[in-house]
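Q: These protein sequence lines are chains A and B, in that order. So our numbering is basically just the index in the first sequence, starting at one, shifted up by 35. So our numbering is basically just the index in the second sequence, starting at one, shifted up by 1.
Hints should not be assumed to be uniformly reliable.
Stated by the list, open to error - Distance ranges between label pairs, derived from CB positions:
hint: 1; chain 1: B; residue 1: K216; chain 2: A; residue 2: N130; range: 57 to 63 angstroms
hint: 2; chain 1: B; residue 1: V59; chain 2: A; residue 2: G154; range: 40 to 46 angstroms
hint: 3; chain 1: B; residue 1: E120; chain 2: A; residue 2: L171; range: 47 to 53 angstroms
hint: 4; chain 1: B; residue 1: G169; chain 2: A; residue 2: V316; range: 39 to 45 angstroms
Unchecked claim - Reference excerpt, derived from the structure (chain B facing chain A, CB under 10 angstroms, subset only):
hint: 5; residue: P89
hint: 6; residue: N103
hint: 7; residue: R233
Said to hold, decoys possible - With a cut-off of at most 25 angstroms between alpha-carbon atoms, the simulated SDA-like pairs for lysine to any residue come out as follows:
hint: 8; chain 1: B; residue 1: K79; chain 2: A; residue 2: Q233
hint: 9; chain 1: B; residue 1: K79; chain 2: A; residue 2: D216
hint: 10; chain 1: A; residue 1: K203; chain 2: B; residue 2: L121
hint: 11; chain 1: A; residue 1: K203; chain 2: B; residue 2: G130
hint: 12; chain 1: A; residue 1: K229; chain 2: B; residue 2: D177
hint: 13; chain 1: A; residue 1: K203; chain 2: B; residue 2: L119
No lab work stands behind these hints: they were computed from the structure. Ideal Cβ positions, reconstructed from N, Cα and C, are used throughout, including at glycine.
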Amino acid sequence: MEILIAQIFNGLSIGSIYVLLVTGFNLLLLVAMIIHFSFPVVVVFSMYISWVVMTLTGSVTLGVVGGIASAIIVNMITAPMFQHIMKDRGSVDINATMVISMGMGMVITDILSHTFNQGFPIAFPDALTGNDQGALISVGLVSISRGQVLTLVIGVLFVAFLFWLLYKTRAGRAFRAIAEDPNGAKLVGIPLLKTGFQSYALTGILGGVTAVLMAVLLGSASAGLGDQLGHKVLAVSIIAGLGNLTGGLIIGLLLGILEAIIQGYLAGSWSNAIAFIVMLVVILAKPKGVFGSKL
Amino acid sequence: MAQNDSILKINNLSVAYGHVQALNDISLDVKRGEIVVLVGANGAGKTSIMETVLGANVPVSGDIEFKGMHIGGVPVDKNVRNGMFLVPEGRGVFSSMTVMDNLLLGAHHNLKNSTEKLELVFESFPVLGERRTQVAGTLSGGERQMLAIARALMSSPEMIMVDEPSIGLAPIIVNDIFEILVNLNKEGYSILLSEQNVYKALKIAHRGYVLETGKITKSGTAEELLNDEAVREAYLGA
Numbered sequence: 036m037e038i039l040i041a042q043i044f045n046g047l048s049i050g051s052i053y054v055l056l057v058t059g060f061n062l063l064l065l066v067a068m069i070i071h072f073s074f075p076v077v078v079v080f081s082m083y084i085s086w087v088v089m090t091l092t093g094s095v096t097l098g099v100v101g102g103i104a105s106a107i108i109v110n111m112i113t114a115p116m117f118q119h120i121m122k123d124r125g126s127v128d129i130n131a132t133m134v135i136s137m138g139m140g141m142v143i144t145d146i147l148s149h150t151f152n153q154g155f156p157i158a159f160p161d162a163l164t165g166n167d168q169g170a171l172i173s174v175g176l177v178s179i180s181r182g183q184v185l186t187l188v189i190g191v192l193f194v195a196f197l198f199w200l201l202y203k204t205r206a207g208r209a210f211r212a213i214a215e216d217p218n219g220a221k222l223v224g225i226p227l228l229k230t231g232f233q234s235y236a237l238t239g240i241l242g243g244v245t246a247v248l249m250a251v252l253l254g255s256a257s258a259g260l261g262d263q264l265g266h267k268v269l270a271v272s273i274i275a276g277l278g279n280l281t282g283g284l285i286i287g288l289l290l291g292i293l294e295a296i297i298q299g300y301l302a303g304s305w306s307n308a309i310a311f312i313v314m315l316v317v318i319l320a321k322p323k324g325v326f327g328s329k330l
Numbered sequence: 002m003a004q005n006d007s008i009l010k011i012n013n014l015s016v017a018y019g020h021v022q023a024l025n026d027i028s029l030d031v032k033r034g035e036i037v038v039l040v041g042a043n044g045a046g047k048t049s050i051m052e053t054v055l056g057a058n059v060p061v062s063g064d065i066e067f068k069g070m071h072i073g074g075v076p077v078d079k080n081v082r083n084g085m086f087l088v089p090e091g092r093g094v095f096s097s098m099t100v101m102d103n104l105l106l107g108a109h110h111n112l113k114n115s116t117e118k119l120e121l122v123f124e125s126f127p128v129l130g131e132r133r134t135q136v137a138g139t140l141s142g143g144e145r146q147m148l149a150i151a152r153a154l155m156s157s158p159e160m161i162m163v164d165e166p167s168i169g170l171a172p173i174i175v176n177d178i179f180e181i182l183v184n185l186n187k188e189g190y191s192i193l194l195s196e197q198n199v200y201k202a203l204k205i206a207h208r209g210y211v212l213e214t215g216k217i218t219k220s221g222t223a224e225e226l227l228n229d230e231a232v233r234e235a236y237l238g239a
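The following block holds chain A by itself, in its conformation from the complex (with noise of 0.2 angstroms):
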């Protein structure tokens, strides 16, 4: 029973991460209208920045905002190269958008397994971690870490801040109009390149913050973790019902316990296969996702 808690705590905090990532891929699909199975790659990027910043400056605060800057300025950079295939939006086909995303993966894995710490995986310093500092919370055999508090605290506080931005503001308003009508948006007035524009800004922020968190989180990052993250945002995103904010929150932390689980009672080292062999069950029983997509 000490396990099961423990690893369902476990869980909630990596499941917190899967549920930022999800969200900003959600978003961009359902906003700025592309497929973005890159978009982990690019928080991973942001953690790399985030270390190199703290190796150099010896600073965890100048590093968290490094990281959370370079989210935002690639996210940035890279709008226009999907706003220009988007230009000319519904006789456009959405695939092209893949490819773009692709072969930025492709090309950001390789510069940061070629650049970086020369190839090898990096590791945050314990004064962002709090790994020198113990458990926070150690009752028998369940111990809460500093960091698995933060990024689940964090990370609920961020949902719950795309939330209100998604429902209770004037940008998420027209986020959402586009979102369920983008050519009916378009006719009451909603500038659709500008607003998908902000998308961008706003996912750039929540991958950031996902950066740092993970950074926290995790205490280390490789080259390969974009993509491993990636396969499993696009998986929870279809499982959940693609473009389905609610959903993806769902089985994002689902996911999160399921890997926990098998972590905790089974072989670690199958916690993926497992995990991917569930979610391919599920797709097959509920081919157009659990929740619906809304698309």
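Once you have looked at the hints, place chain B on chain A.
A: For chain B alone, kept in the frame of chain A given last:
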């Protein structure tokens, strides 16, 4: 402002989608305070005219003037800001969003005074007030059309373009919608209307244009068109 002032003036407008010529040398005008109706079959170009005026299509050639400004190629959001709004064919309301959200989308470019505007809209359309927190997908066809018109009002327009409002509505509801349009016109809104329900539309309009495959084939006062032999034969079944 003089009655005879044109709020919208289109000169020799041509529009193409790829190689398909949608509009061919269209000239028409809407004067302030008028209801002008575009009649014609499906695919005659009624929607193309409205969407081009709104800025959703870029003209191949020709000129569009709105309130004396040249607006060919001006994007939709700017035109909406300048005082025109389209009530699209099939209502174009966002069914997953609440009535309130749909209305506020009409005022997206300027949310100032939106509370006052909402109050006015709810006064004119009490049913929308009662259902403000409901998603638009739960409304009936007539209520959706009301919502689409009310959303247009939220944008503080001077000219409202209404594309095929009667489509898919029961005759009695169509009468209600047309009455709403007449009342709006009396309040001072200029209206460009497109309709396949030619008789009812000409009954409420001041003037009309007949469109056939992208060209204007006839124009005149509503009365002239109602009494025109060819129009009667083609559109009124008499």
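Q: All hints are to be evaluated individually against the structure, with a verdict given for each.
A: Verification of the supplied hints:
1. B:K216 to A:N130: 57 to 63 angstroms: Because 38 angstroms falls outside the window, the suggested range is violated.
2. B:V59 to A:G154: 40 to 46 angstroms: The hint (40 to 46 angstroms, Cβ to Cβ) is violated, given that V59 (chain B) and G154 (chain A) are roughly 50 angstroms apart.
3. B:E120 to A:L171: 47 to 53 angstroms: holds (52 angstroms)
4. B:G169 to A:V316: 39 to 45 angstroms: holds (42 angstroms)
5. P89: holds (5 angstroms)
6. N103: holds (9 angstroms)
7. R233: Violated - the Cβ of R233 (chain B) stays beyond 10 angstroms from chain A, reaching only about 34 angstroms at its closest.
8. B:K79 to A:Q233: holds (18 angstroms)
9. B:K79 to A:D216: holds (20 angstroms)
10. A:K203 to B:L121: holds (22 angstroms)
11. A:K203 to B:G130: holds (19 angstroms)
12. A:K229 to B:D177: With Cα atoms ~38 angstroms apart, K229 (chain A) and D177 (chain B) exceed 25 angstroms; violated.
13. A:K203 to B:L119: holds (17 angstroms)
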